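Could you build all of it, start to finish, from the sequences and the hints given here?
Using our numbering, you'd call the opening residue of the sequence shown number 953 and step up by one each time.
Hints are computed from structural coordinates only; laboratory data are not their basis.
Since the structure is predicted, the reported quantities are computational estimates derived from the model, not experimental observations.
Don't take every hint at face value.
To be verified - Estimated spans, in silico, between C-beta atoms of each pair:
| # | residue 1 | residue 2 | range |
| --- | --- | --- | --- |
| 1 | I1116 | G1066 | 24 to 30 Å |
| 2 | H1142 | G1083 | 37 to 43 Å |
| 3 | R1003 | S1114 | 25 to 31 Å |
| 4 | P1044 | R1014 | 19 to 25 Å |
No residue lacks a Cβ here, since even glycine has one placed at the ideal position from N, Cα and C.
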Amino acid sequence: MPNHLNPSEGLNSVSLNRRSFLRTGLGGALFLGTVSITAGLSGCATAPAGRLGAVETRMDARYQFQFLTTEDIELLEALLPAILGSALPEQPNARRPVIAGTVERIDAGIHKFGPANQKELRQLFDLLNFGPTRVTVARVWPSWRNVTTEQADEFLERWRSSSIGLFNNGYMALTKISNVSFYGYRENWHLSGYPGPPEWAVQALPQFRNA
953 MPNHLNPSEG LNSVSLNRRS FLRTGLGGAL FLGTVSITAG LSGCATAPAG
1003 RLGAVETRMD ARYQFQFLTT EDIELLEALL PAILGSALPE QPNARRPVIA
1053 GTVERIDAGI HKFGPANQKE LRQLFDLLNF GPTRVTVARV WPSWRNVTTE
1103 QADEFLERWR SSSIGLFNNG YMALTKISNV SFYGYRENWH LSGYPGPPEW
1153 AVQALPQFRN A
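What follows is the structure, given as C-alpha cells:
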C-alpha cells in the first residue's frame, strides 16, 4: 500500500500558492469549472451540510458545516482510511469518531481559506462527487459511500502517479488537508513523533492548525 502519510512528499516540494491551491492552469481551470457547473445543474449538493445528526452520521451534532456538503463528507469518509492508514484506530467504534473529527477540522480549515482556494476545492470535490466524472476521471464506479479502503487507495495511487498535472495536484490537495487536519490535532501529536505539530504541517497549511 502506498504511503500517503509521508510528510516529505509534496508538502515541501509544492508550496501553497494563495492565489491557486490546485495550480491547474487555464485548461484545468476551465475543465473544473465546466464540471462544477454541470454537477450543480444536475442536482448535486452545493450547500454546506450544516448541522448533522450525531447518531446517523457519527458527527458532533453541535458542529455546523460551513463548506463541506453531505456528498463531500461521504467522499472524505471514504478517503481518510486510505490516506491515514495505520494512524487510525483499528476498532470501528474508535475509528469512526476520529474520522468524523478530522472531517470537521477539514471543514473548519477550508472555511478559513480565501475565496479563490475555496472555489478550486469546491470544483475538485464536485469533480469527484459528480457520477460521470467520478467514473471516467477518478475511475471509481461505486458511490463514495460504498467505496472500500482498497478502492480508495487505488484511486489515490492512480492520481499520485498520473502524468496529468491536474490529478497530481488533486491528490496533493486531498492528502495535504487530510494530513494537516489529523496531525495538527493535539490528541494526535504523539503519532507524528514530535511534542507538537510537525513543522511541515504548520508551514504547509496554517489555516488548519487551530481548526
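Do the hints match the structure? See the list:
1. For I1116 and G1066, the Cβ-Cβ distance of about 26 Å falls inside the hinted range of 24 to 30 Å, so the restraint holds.
2. The hinted range of 37 to 43 Å is satisfied by H1142 and G1083, whose Cβ atoms lie roughly 40 Å apart.
3. At about 37 Å, the CB distance of R1003 to S1114 disagrees with the hint of 25 to 31 Å.
4. Taken as a hint, the range 19 to 25 Å holds for the pair P1044 and R1014, whose Cβ atoms sit roughly 23 Å apart.
Violated hints amount to a single one, hint 3; each of the other numbered hints is respected by the structure.
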